[in-house]
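Order-wise, the sequence lines are chains A and B.
Position one of the first sequence corresponds to residue 1 (my numbering), numbered consecutively onward.
Position one of the second sequence corresponds to residue 70 (my numbering), numbered consecutively onward.
Because the hints were derived from the structure by calculation, they are not lab data.
Treat the hints with care, as some may be off.
[Said to hold, decoys possible] Residues on chain A that point at chain B, a partial pick, calculated with CB under 10 Å:
| no. | residue |
| --- | --- |
| 1 | Cys4 |
| 2 | Arg17 |
| 3 | Cys37 |
| 4 | Gln49 |
| 5 | Gly57 |
[Unchecked claim] Listed next, the in silico DSS-like pairs over lysine-lysine satisfying Cα-Cα at most 27 Å (straight line):
| no. | chain 1 | residue 1 | chain 2 | residue 2 |
| --- | --- | --- | --- | --- |
| 6 | B | Lys257 | B | Lys91 |
| 7 | B | Lys177 | A | Lys28 |
| 8 | B | Lys146 | A | Lys46 |
| 9 | B | Lys116 | B | Lys91 |
| 10 | B | Lys91 | A | Lys56 |
| 11 | A | Lys56 | B | Lys257 |
| 12 | A | Lys46 | A | Lys22 |
| 13 | B | Lys146 | B | Lys91 |
| 14 | A | Lys46 | A | Lys56 |
| 15 | A | Lys22 | B | Lys172 |
| 16 | A | Lys56 | B | Lys116 |
| 17 | A | Lys56 | B | Lys172 |
| 18 | A | Lys46 | B | Lys177 |
| 19 | A | Lys28 | B | Lys172 |
| 20 | A | Lys46 | A | Lys28 |
[Said to hold, decoys possible] Chain A is nowhere near these chain B residues, computed Cβ spacing over 10 Å in every case:
| no. | residue |
| --- | --- |
| 21 | Ser84 |
| 22 | Arg86 |
| 23 | Asp141 |
| 24 | Phe220 |
| 25 | Ala230 |
| 26 | Asn238 |
| 27 | Asn240 |
| 28 | Leu248 |
| 29 | Lys257 |
Beta carbons: idealized from backbone N, C-alpha and C, even for Gly.
The chain contents come next:
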Amino acid sequence: MLNCRDATCLLSESQERTLSLKERLSLKMHVMMCSGCRNFSDHMHKLHQIMHAYAKGEDVRSPRSPRSP
Amino acid sequence: MPHSSLLTDDEFLDSLRRQMLKFATMQLSDSHLAEDAVQEALIGALKNAKSFGGRAALKTWVFAILKNKIADALRQKQRSVAAGSLLHEDEENEDFAALFDTKGFWQKDERPAAWPNPEESMRELQFWRVFEACLENLPGNQARVFMMREFIELDSVEVCASVGISIGNLNVMLHRARLRLRECLENKWFLAGEHVC
C-alpha cells in the first residue's frame with residue numbers, strides 16, 4: 001500500500017501528467033482512508049488556482065489592472 | 070498619488086526595478102538577459118503608465134510583461150545544465166524527515182488540515198502578502214522551477230529543456246516545492262489563528 005509520502009508525490013505529479021490506471025487506483029484507496037492526504041489533494045487544487053490568479057494578476061493588488069499583453 | 074508622478078518617483082521605480090531584476094536573474098541565470106528583459110518590460114509598461122490606478126496596478130502590469138519576456142528568452146535559450154546539478158539531496162531530504170515518519174506517513178502534527186474559506190482569503194490583501202512571503206521562502210532551485218511552471222506557465226517539457234533537468238528531477242522538485250508552500254500557507258495563514266483583515 002502507498003504511504004503518505006508517495007501519495008503526495010503522485011498527487012503533485014498528477015498536475016504534470018496523466019497517472020496510470022494502477023497509480024490512480026492505489027491513490028484512490030489511500031486517499032479514501034487518509035484524511036491528511038485527502039486535505040493535501042484539495043490543497044493542491046487550491047494552490048494551483050491561487051498561483052493561476054497570482055500569475056494573471058487577479059489578486060487584490062490590482063482590482064483594475066489590465067490583462068497580460 | 071497622481072498617476073503621472075509614478076514616472077518621476079525614482080525611489081518607487083528603483084525598488085520595482087530591483088524586484089524585477091531579482092526575479093528575472095533567478096529565472097534566466099544570466100544577468101545580461103535579465104537586464105534586457107527588465108529594461109524592455111519597464112519601457113513597455115511606462116509607455117502606458119497613464120492608464121494605471123496606482124503602484125500596485127503598475128507592478129502587476131510590469132510583471133505580466135516581464136513574465137512574457139522571460140518565457141520567450143527561456144524558450145530560445147534551452148541551456149544545458151548537467152542533469153541533477155540542481156538537486157541538492159542532502160539539503161532537501163530534511164524536508165521529508167520533518168513531515169513524514171520513517172514509514173513515510175504524516176507526522177501527527179504535520180498532517181494537512183482542512184482549509185477554511187480559501188476563496189474568501191483570496192480577496193484579502195493580507196493573504197497575498199503571506200503568499201508572497203511563502204514563495205520567497207522556497208529554496209532557490211525549487212523556487213526557480215516552481216515559478217517557471219506555475220507563474221511563467223511553461224509546460225513541464227519546456228521547463229526541463231530550459232533548465233536542463235529530467236522530468237523525474239523536475240517532478241521531485243515540484244513535489245517538494247508544493248509540500249513546502251502548502252505547509253507555509255497552512256501555518257502562516259489558514260491555521261494561523263488571528264490575522265489582520
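Structure-based check of all given hints:
no., hint, in the structure
1, Cys4, "holds, 5 Å"
2, Arg17, "holds, 7 Å"
3, Cys37, "holds, 8 Å"
4, Gln49, "holds, 8 Å"
5, Gly57, "holds, 4 Å"
6, B:Lys257 - B:Lys91, "holds, 24 Å"
7, B:Lys177 - A:Lys28, "holds, 22 Å"
8, B:Lys146 - A:Lys46, "violated, 32 Å"
9, B:Lys116 - B:Lys91, "holds, 23 Å"
10, B:Lys91 - A:Lys56, "holds, 20 Å"
11, A:Lys56 - B:Lys257, "holds, 23 Å"
12, A:Lys46 - A:Lys22, "holds, 25 Å"
13, B:Lys146 - B:Lys91, "holds, 19 Å"
14, A:Lys46 - A:Lys56, "holds, 15 Å"
15, A:Lys22 - B:Lys172, "holds, 21 Å"
16, A:Lys56 - B:Lys116, "holds, 21 Å"
17, A:Lys56 - B:Lys172, "violated, 40 Å"
18, A:Lys46 - B:Lys177, "holds, 23 Å"
19, A:Lys28 - B:Lys172, "holds, 19 Å"
20, A:Lys46 - A:Lys28, "holds, 19 Å"
21, Ser84, "holds, 15 Å"
22, Arg86, "holds, 18 Å"
23, Asp141, "holds, 12 Å"
24, Phe220, "violated, 5 Å"
25, Ala230, "holds, 14 Å"
26, Asn238, "holds, 12 Å"
27, Asn240, "violated, 5 Å"
28, Leu248, "violated, 6 Å"
29, Lys257, "holds, 14 Å"
Hints 8, 17, 24, 27, 28, counting from the list given before, are not met by this structure.
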